[in-house]
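A.B. asks: Sequence:
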Amino acid sequence: MAPRIIPIVLLLVASFQANAAEVSNLRVWTDPEKTRAVLDLSEPAEYKLFTLQNPHRVVIDLAAARLDSGFDPELKYAGIITGVRHGQPEGETLRVVLDLSEGAQMKSFMLAPTGEYGHRLVVDLY
Numbered sequence: 047m048a049p050r051i052i053p054i055v056l057l058l059v060a061s062f063q064a065n066a067a068e069v070s071n072l073r074v075w076t077d078p079e080k081t082r083a084v085l086d087l088s089e090p091a092e093y094k095l096f097t098l099q100n101p102h103r104v105v106i107d108l109a110a111a112r113l114d115s116g117f118d119p120e121l122k123y124a125g126i127i128t129g130v131r132h133g134q135p136e137g138e139t140l141r142v143v144l145d146l147s148e149g150a151q152m153k154s155f156m157l158a159p160t161g162e163y164g165h166r167l168v169v170d171l172y
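Residues in the sequence shown are numbered from 47 upward in steps of one, following this note's numbering.
Some clues are possibly wrong.
Claimed, not checked - Each computed DSSO-like pair below joins lysine-lysine, with the alpha-carbon atoms no more than 27 Å apart:
no.	residue 1	residue 2
1	K94	K80
2	K122	K94
3	K80	K122
4	K153	K94
5	K153	K122
6	K153	K80
Rather than coming from a laboratory, the hints here were simulated on the basis of the structure.
My request is simple: use the sequences and hints to build the entire structure.
C.D. replies: Given below as structure tokens:
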């Protein structure tokens, strides 16, 4: 019985990974009112955001997501964002951490594909 289960489990894992949203890029820019971070995604993803202090940071958890092999968080700093880190704290959850120079209020929303851009998760920091 066990030999029959292994191929099924492998197939389920492979199909889950095939449907995982890929994060291909992080774009950051500022204006006088806010700093905006945009994660470019291959498809919509469920996400949770929260802030932490000492030091100040924003944590973005994306369910069933992974980084594209070309993702490079270097040189993505602007405004109050002083650093970017990432990891997989549990299962298929991708965690992206934005290190901040100060505390901030945040607003987030998903955008559907338009023009040259695919799905996007936008995080505004005030």
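A.B. asks: Against each hint, give a clear statement of whether it holds in the structure.
C.D. replies: Cross-check of the supplied hints:
Restraint check for K94 and K80: the C-alpha separation of about 20 Å stays at or below 27 Å, so the hint holds. For the hint linking K122 to K94, the alpha-carbon distance of about 21 Å falls within 27 Å, and the restraint holds. Between K80 and K122 the CA atoms are separated by roughly 16 Å; this keeps the pair inside 27 Å, and the hint holds. For the proposed pair K153 and K94, the alpha carbon gap of about 12 Å is at most 27 Å, so the pair holds.
Straight-line distance between C-alpha atoms of K153 and K122 comes to about 19 Å, which keeps the hinted pair within the 27 Å bound. Taken as a hint, the K153 and K80 pair is honoured in the structure, with Cα atoms around 10 Å apart against an allowance of 27 Å.
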